[in-house]
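Asker: Following the hints, put chain B in place on chain A, whose structure we already have.
Chain by chain, the residues:
Number of protein chains: 2
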Amino acid sequence: MLKLFVLNLLLLGSIAALPLKESNSCQLSEDLLYEIRSYGPIVHKIINEIVHGSFAGQTWQSLADLTDTFGHRMSGSQQLEDAIDYVVREMTQEGLDNVHTEDAGVPHWVRGYEKAQLVEPNRLDLPILGLGSSVGTPPGGITADVVVVESFDELNGLSNETVEGKIVVFVPQWVNYGVTGEYRRLGASAAARKGAVASLIRSVTQFSIGSPHTGVQQYEEDVQKIPTASLTVEHAEMLLRKYRRGEKLRIHLEMQDENLGMFTSRNTIGELEGLVYKNNSVVVVSGHLDSWDVGLGAMDDAGGVMISWKALTYLKAMGLRPRRTLRAVLFTGEEQGVWGGSQYYEDHKEHGEEEFNFFFESDSGTFDPLGFGFSGNDEARCIFEEIINLMYPLGDMQVTSSSSAGPDLSDWSSAGYPGAGLLNANDKYFWFHHSAGDSMLVEDPVALDRCAALWAATAYVIADLSVAMPKTVLKN
Amino acid sequence: MLKLFVLNLLLLGSIAALPLKESNSCQLSEDLLYEIRSYGPIVHKIINEIVHGSFAGQTWQSLADLTDTFGHRMSGSQQLEDAIDYVVREMTQEGLDNVHTEDAGVPHWVRGYEKAQLVEPNRLDLPILGLGSSVGTPPGGITADVVVVESFDELNGLSNETVEGKIVVFVPQWVNYGVTGEYRRLGASAAARKGAVASLIRSVTQFSIGSPHTGVQQYEEDVQKIPTASLTVEHAEMLLRKYRRGEKLRIHLEMQDENLGMFTSRNTIGELEGLVYKNNSVVVVSGHLDSWDVGLGAMDDAGGVMISWKALTYLKAMGLRPRRTLRAVLFTGEEQGVWGGSQYYEDHKEHGEEEFNFFFESDSGTFDPLGFGFSGNDEARCIFEEIINLMYPLGDMQVTSSSSAGPDLSDWSSAGYPGAGLLNANDKYFWFHHSAGDSMLVEDPVALDRCAALWAATAYVIADLSVAMPKTVLKN
Chain A
1 MLKLFVLNLL LLGSIAALPL KESNSCQLSE DLLYEIRSYG PIVHKIINEI
51 VHGSFAGQTW QSLADLTDTF GHRMSGSQQL EDAIDYVVRE MTQEGLDNVH
101 TEDAGVPHWV RGYEKAQLVE PNRLDLPILG LGSSVGTPPG GITADVVVVE
151 SFDELNGLSN ETVEGKIVVF VPQWVNYGVT GEYRRLGASA AARKGAVASL
201 IRSVTQFSIG SPHTGVQQYE EDVQKIPTAS LTVEHAEMLL RKYRRGEKLR
251 IHLEMQDENL GMFTSRNTIG ELEGLVYKNN SVVVVSGHLD SWDVGLGAMD
301 DAGGVMISWK ALTYLKAMGL RPRRTLRAVL FTGEEQGVWG GSQYYEDHKE
351 HGEEEFNFFF ESDSGTFDPL GFGFSGNDEA RCIFEEIINL MYPLGDMQVT
401 SSSSAGPDLS DWSSAGYPGA GLLNANDKYF WFHHSAGDSM LVEDPVALDR
451 CAALWAATAY VIADLSVAMP KTVLKN
Chain B
1 MLKLFVLNLL LLGSIAALPL KESNSCQLSE DLLYEIRSYG PIVHKIINEI
51 VHGSFAGQTW QSLADLTDTF GHRMSGSQQL EDAIDYVVRE MTQEGLDNVH
101 TEDAGVPHWV RGYEKAQLVE PNRLDLPILG LGSSVGTPPG GITADVVVVE
151 SFDELNGLSN ETVEGKIVVF VPQWVNYGVT GEYRRLGASA AARKGAVASL
201 IRSVTQFSIG SPHTGVQQYE EDVQKIPTAS LTVEHAEMLL RKYRRGEKLR
251 IHLEMQDENL GMFTSRNTIG ELEGLVYKNN SVVVVSGHLD SWDVGLGAMD
301 DAGGVMISWK ALTYLKAMGL RPRRTLRAVL FTGEEQGVWG GSQYYEDHKE
351 HGEEEFNFFF ESDSGTFDPL GFGFSGNDEA RCIFEEIINL MYPLGDMQVT
401 SSSSAGPDLS DWSSAGYPGA GLLNANDKYF WFHHSAGDSM LVEDPVALDR
451 CAALWAATAY VIADLSVAMP KTVLKN
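Protein sequences, first through last, are from chains A and B. For the first sequence, the residue numbers in full-length UniProt numbering are 1 to 476. For the second sequence, the residue numbers in full-length UniProt numbering are 1 to 476.
If you are wondering where the hints come from, they were derived from the structure by calculation, not from laboratory data. Do not rely on the hints blindly, as some may be mistaken.
For chains that are exact copies, the list does not tell them apart, and a pair is met inside one copy or across any two.
Claimed, not checked - In silico lysine to aspartate or glutamate, DMTMM-like type, Cα no more than 20 Å apart, as pairs:
#, residue 1, residue 2
1, 316, 464
2, 45, 258
3, 248, 65
4, 428, 125
5, 225, 464
6, 349, 464
7, 316, 273
8, 115, 237
9, 248, 82
10, 248, 161
11, 45, 102
Nothing here was measured: the structure is a model prediction, and the numbers come from that model.
Excised from the complex, chain A in its bound form (with noise of 0.2 Å):
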């Protein structure tokens, strides 16, 4: 029945490359598949004003103008409270509709002076960068022997009176991001409890060209808090090799690092409102407007904000407007622990079953588009998955399972509430990541022109699609 129905859309011109996946477990109605199909032409015609049209290249260009204005945007900075004013002046300039901020607390930790140094058995500079919250060292420094272990088990299987007031050199292998990064999140912690008063870790990446990757770290209530900072993957590995080989290491170890307290920053947000609903089954695209204070935060997550916002810009550009409100909105304070989207969360939680249909968010990169990683349930995931099937355009856009649509909208996929994050060719993620690395050389312009061709047609589909997106919404 499918099959026959196909080929009658074969005969229809623009529809009739339209590639046939069936699923087996799906079970849409014929009504819906030709509906969903008959997006066909205006999915092509965004692709390809995105991607070969007047769009080429502005997104890379809007990333550029971004980043190189106001640098790096760290929770608590001027320079992040800066851009959020640049962009609620921008969407307002392009006449998106409700351009606003709203309030979220976020910390305001600032990095000082840092600086260690391998002081025995030979000198040698450690160039280092401390973890987001971590406290300073008291004036002066520390200066302690080492122990390098290279997983918790080893470290837990060392006696206290071995760990009392060393410095612990975490040198984990990587073995992915969800993995390695718990001895940069939890490592202070584990350390402090068998008495080390400093920790270090190998920076979390597969790669490296000399450079020390920050994040966030978070102490343990009941556990002193002692300074913790990254080293770089080859000082890391050489501290492992010497201390394998016997030598005593010591290392001073300087930071003015501190913890200022909260900040109120803003989430930022802009809309392409719907032509039928407005503030009801709203389609969300989101990023986050923050980054570390090294590097210029081109990649995480500068792109995945630009994508967002400018989704809504190129369709309005194009006098496309959908049925429901697409509404971007740019998270703040994401790499101090998700506190702008926690926020944005409490705030629109009680009428969350009115107020949205779908989430997307893009934060692990802007590389070449590889598809969504979806979050929700089957049937929502069928209605998906024939969306993206209208994608070709751009290649074979998969669907696999996500458990999230993306950090900051973690409340809402835990939630039930459907939605999905961009899949992109990020292999080299890490590499670049929370590094002085994350800056314009790691955006392509056509790799961007395809994730927000991508991202403005699958969010437009979604939000002008005659039926809402199914939730199976847990909690209110």
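Answerer: Coordinates of chain B only, in the frame set by chain A:
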């Protein structure tokens, strides 16, 4: 005739698999061809022992020992002198012959506190590395407007008024090390000639993760010496974009770098003394022991040092001693302008024709070996190519033409002495070159073994042949 000869060889067992390569212009005698090809079994044995036998992995370990123990080894530094003493001790302990050092003066330039900051139109710290021999800024630094150019031509097209009192930032696109490196080597004087007060360059590399790359520069004699440093590629490109947009850029630059005059360092020499010839017809294998003061100088050039040194060590341990002396020369002061190499030529050139037979240098990485860049007359090349045909257990090793066997040997090559430099799969060499990324992570144990095997086997055959390598010495 040659083919019949080879057919006979095919019956001789271990030489049987020898691939036939005919060089049209080569007319080596049958006796010599037979002699060279008879080295097949011993070449196999050397390669096998180093790549698969008891020495497998040892070169990497020795390299790690050296660089982990002493760190980087800048000309004039205690680390370099300590490393020289260490190599002398180790070579002596290994039983190499005539282990000694020969004095060579090197410039003693030291990096002091270095800081650059974009102060207008926005504030952004710009990591820099002063270029070798750069003067420092006046105390308190320089704050000046910025002129960004992409080429010498663009600079020279500007009026002096446009450049006077400014900081010139060179942002040439990467072409190759020779071409793009000219901006590092000569940029400061070109800028000073137009009245600039300082100059900065885009680091000389195709690829970057936020690290600046240093290197030597040279002031022209009749021009003001102005401070000069490298920026990261990321920041240089950003400054170019901002400048092209018409933004007024202002940079604060502070460099406490100093030239401390000349320092007496040492070339380090060890030998496997020849069975027949002692201090004449020597085959030199070489690299340079000094490095830059960032990273660990594992790639540039402890790798070249290690395969040269260990080639002798491994041959000796295998009980192989060729007719001629194999001499490892580990030069000093290469990075500051080939000071050790030049001194060695000055000290040995008078009796060079008697003293030397052939020169090897490895100073462009010890990634997987690809063959040799040969420098010398056609007759020598014919013999060399026949020898390299024996190396097929390592894969198809190529012989290309080169004007020099290597930077430390260029005087010898220019004078007509035959030599060869290691070709290797160094496409990413400049990713790490002169930066914090030059570490053991760049070095692969198997690739190093294969380089050491090629080095040892080729040097052994040349040193043991009944005939000397032909030379065409132009001056003495």
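Asker: Each hint: holds or not?
Answerer: Evaluation of the provided hints:
{"no.": "1", "hint": "316 / 464", "in the structure": "within (14 Å within a copy, 79 Å between copies)"}
{"no.": "2", "hint": "45 / 258", "in the structure": "neither (51 Å within a copy, 62 Å between copies)"}
{"no.": "3", "hint": "248 / 65", "in the structure": "between (49 Å within a copy, 15 Å between copies)"}
{"no.": "4", "hint": "428 / 125", "in the structure": "neither (27 Å within a copy, 25 Å between copies)"}
{"no.": "5", "hint": "225 / 464", "in the structure": "neither (51 Å within a copy, 66 Å between copies)"}
{"no.": "6", "hint": "349 / 464", "in the structure": "neither (23 Å within a copy, 83 Å between copies)"}
{"no.": "7", "hint": "316 / 273", "in the structure": "within (10 Å within a copy, 81 Å between copies)"}
{"no.": "8", "hint": "115 / 237", "in the structure": "within (19 Å within a copy, 28 Å between copies)"}
{"no.": "9", "hint": "248 / 82", "in the structure": "between (48 Å within a copy, 19 Å between copies)"}
{"no.": "10", "hint": "248 / 161", "in the structure": "within (16 Å within a copy, 58 Å between copies)"}
{"no.": "11", "hint": "45 / 102", "in the structure": "neither (34 Å within a copy, 74 Å between copies)"}
The structure is inconsistent with the numbered hints 2, 4, 5, 6, 11, although it conforms to all the rest.
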